[in-house]
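S.K.: So the sequence lines, in the order shown, correspond to chains A and B. In case it helps, my numbering puts the first sequence at residues 1 to 114. In case it helps, my numbering puts the second sequence at residues 1 to 113.
Worth flagging that the hints you see were computed from the coordinates, not collected in a lab. A quick note: this is a predicted structure, and the numbers were derived from the prediction, not measured. There may be inaccurate statements among the hints.
Unchecked claim - Within a straight-line C-alpha distance of at most 30 angstroms, the following computed DSS-like cross-link-like pairs (lysine-lysine) qualify:
1) A:K69 with A:K49
2) A:K69 with A:K113
3) B:K78 with A:K113
4) B:K42 with A:K71
5) B:K78 with A:K69
6) A:K58 with B:K83
7) A:K49 with B:K83
8) B:K57 with B:K78
9) A:K58 with A:K113
Here's the letter readout for the chains.
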Amino acid sequence: AQSVSQHNHHVILSEAASLELGCNYSYGGTVNLFWYVQYPGQHLQLLLKYFSGDPLVKGIKGFEAEFIKSKFSFNLRKPSVQWSDTAEYFCAVNSNNAGNMLTFGGGTRLMVKP
Amino acid sequence: EPEVTQTPSHQVTQMGQEVILRCVPISNHLYFYWYRQILGQKVEFLVSFYNNEISEKSEIFDDQFSVERPDGSNFTLKIRSTKLEDSAMYFCASNQIASGEQFFGPGTRLTVL
């Protein structure tokens with residue numbers, strides 16, 4: 001079975017600080033990887049995704065993530081956060097071999113102080 | 001930009017009552033999903049639906065749950081006899097390609113008293 005873990009439950013940063021949110025998954029086969037964001041009072045929105053190819057993926061709003069297959073990781077990064085990045089961030093995985101269901105991590109709540 | 005919509009945004013019900021949560025997926029999408037998130041816990045997969053039948057379901061999706069696509073636009077989740085532990089945020093999602101990005105609705109917060 002697939003599982004996803006996000007190591008940081010709560011992160012507090014000041015504006016302009018750099019961000020890295022960890023995500024590790026366990027599954028032996030080929031996976032598709034996603035980062036979703038949920039802004040306060042809004043629905044889950046896709047930040048970025050990895051299916052194949054270049055392991056460094058660029059998403060919206062200056063976010064990027066790097067797939068490191070050997071570490072089963074897909075960490076999310078942003079060089080300089082803004083107050084408007086305050087949200088909850090979810091890493092998710094699905095696999096063509098294990099159905100199309102998304103398996104989510106527990107989420108990381110990010111607060112950016114102005 | 002097309003969106004997944006869900007109604008109601010908040011539903012309060014008494015234990016033992018039936019509830020129906022409604023979703024309108026994006027119109028050209030073919031795969032539909034329900035997820036739930038109990039307060040403070042992970043988003044969990046419940047069920048996926050394709051070609052008018054369930055394609056996958058989790059252990060959570062027991063006989064109390066059912067899904068239906070009653071017409072060309074709606075996708076519903078029915079909980080037959082609600083329990084306190086069914087209180088959660090329920091998200092509907094859809095996509096066009098099975099393994100592709102899933103588009104989520106805003107959720108329905110279900111409170112069972």
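S.K.: Would you mind marking each hint as holding or not holding in the structure?
M.R.: So, going through the hints one by one against the coordinates:
1. A:K69 with A:K49: holds (15 angstroms)
2. A:K69 with A:K113: Violated, because 33 angstroms separates the two Cα atoms, which is more than 30 angstroms.
3. B:K78 with A:K113: violated (41 angstroms)
4. B:K42 with A:K71: Holds, at roughly 22 angstroms.
5. B:K78 with A:K69: violated (40 angstroms)
6. A:K58 with B:K83: Answer violated: K58 (chain A) to K83 (chain B) is near 42 angstroms, above 30 angstroms.
7. A:K49 with B:K83: Distance ~36 angstroms between K49 (chain A) and K83 (chain B) Cα, so the pair is violated.
8. B:K57 with B:K78: holds (14 angstroms)
9. A:K58 with A:K113: Distance of about 24 angstroms is within 30 angstroms: holds.
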